[in-house]
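Student: Sequence:
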Amino acid sequence: MKTTTMKMKTTTKSTTVLKKKKKKKTKTMTIALTVACALWATTSTARASDPRLERLPAAEELGRICFDDGGELQLTPDDVLWMARMVHGETRGRPSREDASHMLWALAGRRYTRKRLRESMAALAQAYSQPISPRWLRDGDKCDSEAERERKRGCQEHRLRLRAEYRAMAWQDIDKLARATTLVWAQGNLPNPQPGIVGWYEPGTWRGIDTRTHYERPTLHDYVDGNAYYFRTHGVDTRAWTATTVTVVGPGALCPDHVANWAPKPKLGSCEDDFTYHKSGTIRSWTTRDDGTISELEFEGAGWRDRVCDDSKGMIYADDTSRAFVEDEDGQKIRFEMIEVDEHGSRARVFAGRLTPSMLEGRRRVVTRAKR
Numbered sequence: 016m017k018t019t020t021m022k023m024k025t026t027t028k029s030t031t032v033l034k035k036k037k038k039k040k041t042k043t044m045t046i047a048l049t050v051a052c053a054l055w056a057t058t059s060t061a062r063a064s065d066p067r068l069e070r071l072p073a074a075e076e077l078g079r080i081c082f083d084d085g086g087e088l089q090l091t092p093d094d095v096l097w098m099a100r101m102v103h104g105e106t107r108g109r110p111s112r113e114d115a116s117h118m119l120w121a122l123a124g125r126r127y128t129r130k131r132l133r134e135s136m137a138a139l140a141q142a143y144s145q146p147i148s149p150r151w152l153r154d155g156d157k158c159d160s161e162a163e164r165e166r167k168r169g170c171q172e173h174r175l176r177l178r179a180e181y182r183a184m185a186w187q188d189i190d191k192l193a194r195a196t197t198l199v200w201a202q203g204n205l206p207n208p209q210p211g212i213v214g215w216y217e218p219g220t221w222r223g224i225d226t227r228t229h230y231e232r233p234t235l236h237d238y239v240d241g242n243a244y245y246f247r248t249h250g251v252d253t254r255a256w257t258a259t260t261v262t263v264v265g266p267g268a269l270c271p272d273h274v275a276n277w278a279p280k281p282k283l284g285s286c287e288d289d290f291t292y293h294k295s296g297t298i299r300s301w302t303t304r305d306d307g308t309i310s311e312l313e314f315e316g317a318g319w320r321d322r323v324c325d326d327s328k329g330m331i332y333a334d335d336t337s338r339a340f341v342e343d344e345d346g347q348k349i350r351f352e353m354i355e356v357d358e359h360g361s362r363a364r365v366f367a368g369r370l371t372p373s374m375l376e377g378r379r380r381v382v383t384r385a386k387r
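FYI, in my numbering the residues of the sequence shown are 16 to 387.
If you are wondering where the hints come from, they were derived from the structure by calculation, not from laboratory data. From a predicted model like this one, the values you see are computed outputs, not experimental measurements. Treat each hint with caution, since some may be false.
[Claimed, not checked] Beta-carbon label-pair distances, calculated as ranges:
hint: 1; residue 1: Lys280; residue 2: Arg168; range: 17 to 23 Å
hint: 2; residue 1: Asp334; residue 2: Asp159; range: 22 to 28 Å
hint: 3; residue 1: Trp186; residue 2: Thr336; range: 27 to 33 Å
hint: 4; residue 1: Ser111; residue 2: Glu352; range: 45 to 51 Å
hint: 5; residue 1: Pro372; residue 2: Thr336; range: 18 to 24 Å
hint: 6; residue 1: Arg153; residue 2: Asp334; range: 49 to 55 Å
hint: 7; residue 1: Pro279; residue 2: Asp305; range: 18 to 24 Å
hint: 8; residue 1: Asp345; residue 2: Asp305; range: 16 to 22 Å
Don't be surprised by glycine CBs; every beta carbon is placed ideally from N, CA and C.
Generate coordinates for the entire structure from the input sequences, incorporating the hints supplied.
Tutor: Printed below as a string of C-alpha cells:
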C-alpha cells in the first residue's frame, strides 16, 4: 500500500472546510467506538445474536494502523475478516478476550517489522497463522504429498479439514468474541496489552525442547491461555517499543503527526563496486510461478539500514555451518537481485537457477551485497 503524506493548505477557506470535516469524522468515530466497546463488553455472556455483529463492517467503519516512523495502513473489510478467522482458528473457536487481544496486536507489531506497505493485514494473517495458511492446505507446498502428510504432525487429516473450514468461514459463522474483539481493535479502541510482541507459539511447537525453557528467555513476554507471546531481538529489537510505536486510530481519523524514529533513506548508490557482504538476511516469504518455481523472495534483516543497495545481488546459504550455496538440479547457483529495498527488509527477483519451495527447507539465510 502506498504511503500518502497529506499537506494542509494555509488558506482560510481550506482550513474551515477541514475543521468541518474533522468534526463530522470525529462524531462518526465516537459512535462507532461506543458501539464496538458495548459489543466487546457483552459478547462473552450474550446468548442472543447481536445484529451489529451479523454483518462484516464497511470500509468507512474501520480505522488505520499507524507506525511511529510515519508509515500507515488503512484497514479493509477483508483485513478484518481474515484476522477474525485467524483468532477463531488459532483458538479452535474458543478465544478469550486476552488471547484475542494479544494476537491482534502481535500481528500489527509483526507488520511493522516487515516494512512492506503493500502487504495487507489479510495477507499477513494468512502467511503467519497456520490454521488459515494456504501453504498448509492439502494442495499447499507444506502438505502436498502423501509422504509429507504422514511425516508432519501439521499435515494430519483432521488438521487439513479444519484449515479448509476456517478459510471458508463466513463472517457470521466466526466465534462472536473473535468478531467483536477484532472489530474493537480495527476501530482503534483496543488497548495494546504488551507493546513489542510480534508473534506467538503454542506448547509443543518446539520438539525436544520444553516450552518453559523458551519462556525463561528474555525474548518471551508471557503465556496467555497456553500461547507463548514473544518479542524480537534480531534485526529489529522490539523489547523497547512503547504504546505509541504501533497504534490504531478510528474511522476517519488521521495518524499522529509525531514521528519518533523517522529517518530518510540514504543515497547508497550502486553495490556493483565498493561493496562488502551482509550475511544476516532471512527469507520470510516467496512468490511462485505456475510451474512451481519461485520467482520472487522477500527478506527480513536485509534493508537499507543494513546498507543493502537497490541493485544488490545475492545467494542462499546451503546450511548454517558452511559457506556453500544452494544450487539447482543442474548445478547452477541460485542468484537473486533486489527489486525493492525498505528500511529493514527487501524483495528480490530470482534471475539465475530454478528455485523451488522444497529447496528452502531448513535454508533461510542469504548473503547480499552491501555498501562498505
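Student: Are the hints correct? Go through all of them and say.
Tutor: Going down the list of hints, with the structure as the test:
In this structure, Lys280 and Arg168 break the distance hint of 17 to 23 Å, their C-beta atoms being roughly 43 Å apart. At about 24 Å, the beta-carbon gap between Asp334 and Asp159 stays in the expected band of 22 to 28 Å. A hinted range of 27 to 33 Å is violated for the C-beta pair Trp186 and Thr336, which are about 48 Å apart. Remark: the range hint 45 to 51 Å for Ser111 to Glu352 is upheld by a beta-carbon distance near 46 Å.
The hinted window of 18 to 24 Å between Pro372 and Thr336 holds, with their beta carbons roughly 23 Å apart. For Arg153 and Asp334, the hinted distance range of 49 to 55 Å is not satisfied, since their beta carbons lie about 30 Å from each other. With their beta carbons about 40 Å apart, Pro279 and Asp305 fall outside the hinted range of 18 to 24 Å. For Asp345 and Asp305, the Cβ-Cβ distance of about 20 Å falls inside the hinted range of 16 to 22 Å, so the restraint holds.
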